[in-house]
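K.L.:
So the sequence lines, in the order shown, correspond to chains A, B, C, D, E and F. Heads up: the first sequence at position 215 corresponds to 215 in the working numbering, and the numbers run straight through without jumps. Heads up: the second sequence at position 178 corresponds to 178 in the working numbering, and the numbers run straight through without jumps. Heads up: the third sequence at position 113 corresponds to 113 in the working numbering, and the numbers run straight through without jumps. Heads up: the fourth sequence at position 86 corresponds to 86 in the working numbering, and the numbers run straight through without jumps. Heads up: the fifth sequence at position 64 corresponds to 64 in the working numbering, and the numbers run straight through without jumps. Heads up: the sixth sequence at position 139 corresponds to 139 in the working numbering, and the numbers run straight through without jumps.
Simulated from the structure, these hints should not be mistaken for laboratory data. Some hints here could point you the wrong way.
[What the hints assert, rightly or not] In silico DSSO-like links for lysine-lysine, alpha-carbon gap of 27 angstroms or less:
no., chain 1, residue 1, chain 2, residue 2
1, B, K156, D, K85
2, B, K85, B, K182
3, A, K223, A, K213
4, C, K189, C, K223
5, F, K184, E, K84
6, D, K213, F, K156
7, E, K213, E, K223
8, D, K85, C, K189
9, F, K156, F, K184
10, D, K223, B, K213
11, D, K184, E, K84
12, F, K84, E, K182
13, C, K213, C, K223
14, D, K184, D, K223
15, F, K223, F, K182
16, E, K182, A, K213
17, C, K84, E, K85
18, F, K182, E, K85
19, F, K213, F, K223
20, D, K223, D, K182
6 protein chains.
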Amino acid sequence: MYHHIKQLMYTVRVDTPDPRFGNMLLEQFGGANGELAAAMQYSIQGINCEDPGLKDLLMDIGTEELSHLEIIGTLARMHLKPTKKSREAAEADPLIAIAGGGGVNLYNSQGSAWTADYLKITGEPDVDLRSNIAAEARAKIVYERLINFCDDAGSKDALQFLMTREITHLKAFMTALDVLSKDKLVIGKIPPTPGIVDQFYNDSTGEGDNGAKDMRGPWNQGKDIEFIEAPAKMEAQVTHSQILQEINRAAGR
Amino acid sequence: MYHHIKQLMYTVRVDTPDPRFGNMLLEQFGGANGELAAAMQYSIQGINCEDPGLKDLLMDIGTEELSHLEIIGTLARMHLKPTKKSREAAEADPLIAIAGGGGVNLYNSQGSAWTADYLKITGEPDVDLRSNIAAEARAKIVYERLINFCDDAGSKDALQFLMTREITHLKAFMTALDVLSKDKLVIGKIPPTPGIVDQFYNDSTGEGDNGAKDMRGPWNQGKDIEFIEAPAKMEAQVTHSQILQEINRAAGR
Amino acid sequence: MYHHIKQLMYTVRVDTPDPRFGNMLLEQFGGANGELAAAMQYSIQGINCEDPGLKDLLMDIGTEELSHLEIIGTLARMHLKPTKKSREAAEADPLIAIAGGGGVNLYNSQGSAWTADYLKITGEPDVDLRSNIAAEARAKIVYERLINFCDDAGSKDALQFLMTREITHLKAFMTALDVLSKDKLVIGKIPPTPGIVDQFYNDSTGEGDNGAKDMRGPWNQGKDIEFIEAPAKMEAQVTHSQILQEINRAAGR
Amino acid sequence: MYHHIKQLMYTVRVDTPDPRFGNMLLEQFGGANGELAAAMQYSIQGINCEDPGLKDLLMDIGTEELSHLEIIGTLARMHLKPTKKSREAAEADPLIAIAGGGGVNLYNSQGSAWTADYLKITGEPDVDLRSNIAAEARAKIVYERLINFCDDAGSKDALQFLMTREITHLKAFMTALDVLSKDKLVIGKIPPTPGIVDQFYNDSTGEGDNGAKDMRGPWNQGKDIEFIEAPAKMEAQVTHSQILQEINRAAGR
Amino acid sequence: MYHHIKQLMYTVRVDTPDPRFGNMLLEQFGGANGELAAAMQYSIQGINCEDPGLKDLLMDIGTEELSHLEIIGTLARMHLKPTKKSREAAEADPLIAIAGGGGVNLYNSQGSAWTADYLKITGEPDVDLRSNIAAEARAKIVYERLINFCDDAGSKDALQFLMTREITHLKAFMTALDVLSKDKLVIGKIPPTPGIVDQFYNDSTGEGDNGAKDMRGPWNQGKDIEFIEAPAKMEAQVTHSQILQEINRAAGR
Amino acid sequence: MYHHIKQLMYTVRVDTPDPRFGNMLLEQFGGANGELAAAMQYSIQGINCEDPGLKDLLMDIGTEELSHLEIIGTLARMHLKPTKKSREAAEADPLIAIAGGGGVNLYNSQGSAWTADYLKITGEPDVDLRSNIAAEARAKIVYERLINFCDDAGSKDALQFLMTREITHLKAFMTALDVLSKDKLVIGKIPPTPGIVDQFYNDSTGEGDNGAKDMRGPWNQGKDIEFIEAPAKMEAQVTHSQILQEINRAAGR
């Protein structure tokens, strides 16, 4: 009927509050790839899930992410507290300062409110696991960037711990996906249309220094891949071969 | 460092799934006055709070609301499950059916994604308690409306339980506010400007069958209240008294 | 059929424009607890309300808040005007500078657009009054914070006036709630379940320096309150008493 | 310092409440082209405006739109009221029924909350007038569609009145734009680059039954317009002319 | 079935990356009046359009705007790249720095995510053209402001090019509207109510230094316009004339 | 400098318009996993990408998705067109009917506007590929559900084609990820903390019929995994072993 939560067994230490860094930390509190997003994505997938093993896995990790929300929130709170009294600090995050009195809320680093639009929940177990693998990878890289911009030893410790756990979860979700789906190219029940599924369309051709030049790699060449020029290009190329053909024919060669 | 969650000790029963009712239940899952809003509002206030007693209260109730999120989510899930396979059921909530495969997500009854804009968190303890009292009152009336539209006995039991707990929380927050603030008209530290604070402006005057007629009540009359007609009206009335005055004067009365 | 608005009878004065402060002022223009939110919350409650006295009260205050929107907007406009021409000023609020040409719009201090998700409107008069009491308390504390970060005398005068009026409204809404509902624990018509309504669950137990320690206060102890340890804790405690019991028994004591 | 509002002098009549139509009416209450959007767009432009004539015009029409908000809200309220008690009616708008108790709120016809993202405010008077002309045109067509879906005589009267006023405003804004800007192709102060400004790029070429066939009209032909084929097409065409040229050359013709 | 896109034939040059300017550029990438908004507004109007000429025009310009999205995105990317490694640069746009690793995303200059709420699409060709004329005017003025805040020659060239194209589109849409609708005051099919359509209501009367003084111009005077004082004012004026009348009568004059 | 788009070479056929199905189709037009989300996610990753091969791949698929947006939009448009004239059809999607005149716009199946919050863009190539793999899997399953709810042969053909292409893209992104990252557990540059990375926390323990029972699988057992009971549970277990120990000790056993 209810939960028992052992809160914050991890004691967060901050030596020098840095409001602008506190503001950055909000990315992992109320941001798109943050702890609430992770906690809600996995827990709600868990509520929807009918496979007991996967349900337990989703609930275990969802619950852990919820405890991380408290850690990151406490850390951000410590860095942002000066915004309550210092006008200069307040300019680092006026929303936290004026509306929140220096306390945190579910915003990202530029004051956008957390939204469930961040969540990826489809009710299809293997698809949800792919979304979770991607979510963990994103959370990991975001923690790494925060560590790189951080000068405070206590904060770095906490962030290193939280970053490490994302790799643990990444591995667990990858293992679960391996268990669930032998063929990673099969999604759902309706098979793709043969032939069309093997065509790679070269739809874009960049020019100028910043454009995407046409490149070949294992993703668009190989024995099962039919490489197809996009229509406009085909037209030009067909015309070009026709040129040669016609020229040769006309020239009597 | 992490939480231990005893999930779902309350066993939810649904005899007859009713997708359109399941859709209504989403108001308390991903809606503005729902369980996630309550859980987040209180828990984050708790993270920001420095008074140990109030912090513990906010965390206790925040944690309980989180467990309610799981109950209401499971209940909604059971009512919405037919949307996965039945086209008719799917029309009751196409977003749940098509994007969610019949599983719940943090939407309200018309598919709007949950947003932290629902939360009221100011970092001022007595102000936050007022926001919480209002939040509990809203959650209570929403559960009552759901009960009134519900035909399923198992669902009604769960809703009655959840509704009851909102009254428990209402009382706890009211008691905490009583402890905190003797004078309920004092907010923060800067006092209001004397005189101006006692003026009631009659700014609006309705006409037509649906307009707001000018009314008097203890909120705009009494010994400490100066009732002031809004400018345009004053102007008209002054003019009117001038009429009589001038007429009388002119008439030599 | 239409309104007659005497605009801006309050002459706003700004001696030294301060774009970063102008940006903070937007919290009360287009922010979550600002004047539009207040004006809309009360006016729309008024449209829905069928009690003539309460309808008039809601419309009076809703109308007054609308006039405050104009005052705060004009004030913010004056502080933000330099963003139109100065690159340095523009960095204080690039959205106002680039998209708005230095003019205000319904954003908060970090550029989030005003949304009706800020509003609390339930159509239940006493519940709406609780939401309004909370809203006035929030608006008051936000004005206080703005005053504390403000150096400009003219701006401070206007903010003090606006802040004062929130206390006036707070009082009026509290009085109206007193008139409406004798027993503040009764919401709607369906009574809570006896017994369950008196239980306080100790759901959360903090550890570490920043955790919420278990505390007792009038909100979780007293003659009508049954204090209940959350399941996991109960389990541990039962086990603990069993230890002693068993030890003593085993020891032949 | 404050406003005096004569509310609702227009008496709204509804003979037969129609909840699904009431839900549609919300488009003009809390929708993207509705009365709040109009009221806020013009009033805030008015706050920002420094030309006294235009400022007065913007405030006059902004104020009138605010009064329309009350009319359309009252009308929608009457049509939606049955959602409070009837489960069938409630299914027409569960958000209004469950969260609002049958009362209106600032949502559109599918429950999306009103957002200031609907507003177009640039602080450039002639640009704002163009946005207002477009806004009035949109509001007019939306009212026309509502009238076409309406069976209730009283509702139709109110909608016809509101629709008529949009044409009045359209005309006023068009007149003001004529006064302001002689050359409608001049916006701001930096002139466009000569030559490039006169080129029309034929960027898109549709095929299939639903594609956009290449068409010519006064917008892409005429004495000041240089019509330019998009690069890919040019390439093909150049190649094609080269074909003929080469063929002819090769053939010795 | 698919598109062939010649990307980025315009080579973007940035001599000195300026992260705060890069952040401002996001207004035209993911902002309300930016290139994605333009591209989507016109292309989707084109999908809905049944007039072949107008459909082709909408698709041509929609496609061109999509290519501008790539130019402005590449330009912003170059200016924002230092946010990946430099903490100081990161403070210019923490969302881009932390969540995006220095890469762009569809945000505006204050981190609000792009939303389709920016779009104005009604399915009524002449109304849509008015929305497009306004959109082009807004885009033009925003580019002008960016140019005014820009120090980098390469960036200025690109912005001047993009700004110029908006004037080209403005002209094309104005021409198309001229072709479509002879009488610009006719929208849709239902005519406005005669008489009421010619009334101008003087609804707002400002006082104080910043209020809107009552002004007359061609928009509220002329042979077809009936100027009407708003009710409150009328009342006062009628009363005033009655004063004089009554005074005179009483005085026996 | 600009794009050349061959639009809609795929001719869409609809035999019987079905407005409620058309509304469902909007999930793939303006919904969270739809074609615009895919097109923008890949194209913007492409703009940010500095690896030429990956940049080209992202642009090729991003461009193809853009063409799919046009196909699905045209298909939805055909199914929704009756909403323009029929009141009954309009009730299937009042927003499309009233605001859109029967034309499509970037909404999902319940009228929520498309938002860039749907996008997952981190600027870290291998992380972005994981997000794309997940996005393709979601899009595939959504198309499958639409096919399952569809009765119209022409619509089914188009949906089968679009669904097939998602598998093609899934494969291309998986291949590209294989090329990029040998060890799928390595994200970014900072390694996780040894020891902690191998711990699996059993944080959640369900009870009741719908709870998550503790389960073991390869994700939480194996030679590299240290399985750890969550604190509350550990505490209880430790206490339990202490009981036995103490009992035995006390009993002199």
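K.L.:
Against each hint, give a clear statement of whether it holds in the structure.
P.N.:
These are the hints, each one checked on the structure:
1. K156/B - K85/D: holds, 17 angstroms
2. K85/B - K182/B: violated, 58 angstroms
3. K223/A - K213/A: With Cα atoms ~23 angstroms apart, K223/A and K213/A stay inside 27 angstroms; holds.
4. K189/C - K223/C: holds, 26 angstroms
5. K184/F - K84/E: holds, 23 angstroms
6. K213/D - K156/F: holds, 26 angstroms
7. K213/E - K223/E: holds, 23 angstroms
8. K85/D - K189/C: holds, 14 angstroms
9. K156/F - K184/F: violated, 37 angstroms
10. K223/D - K213/B: violated, 65 angstroms
11. K184/D - K84/E: violated, 43 angstroms
12. K84/F - K182/E: holds, 25 angstroms
13. K213/C - K223/C: At roughly 23 angstroms apart (the allowed maximum being 27 angstroms), K223/C and K213/C satisfy the hint.
14. K184/D - K223/D: Cα-Cα ~19 angstroms, so holds.
15. K223/F - K182/F: Roughly 22 angstroms between the alpha carbons, so the hint for K223/F and K182/F holds.
16. K182/E - K213/A: With Cα atoms ~48 angstroms apart, K182/E and K213/A exceed 27 angstroms; violated.
17. K84/C - K85/E: violated, 31 angstroms
18. K182/F - K85/E: This hinted pair holds, its Cα atoms lying about 25 angstroms apart.
19. K213/F - K223/F: Distance of about 23 angstroms is within 27 angstroms: holds.
20. K223/D - K182/D: holds, 22 angstroms
In the structure shown, a violation is registered for the earlier hints numbered 2, 9, 10, 11, 16 and 17, in ascending order.
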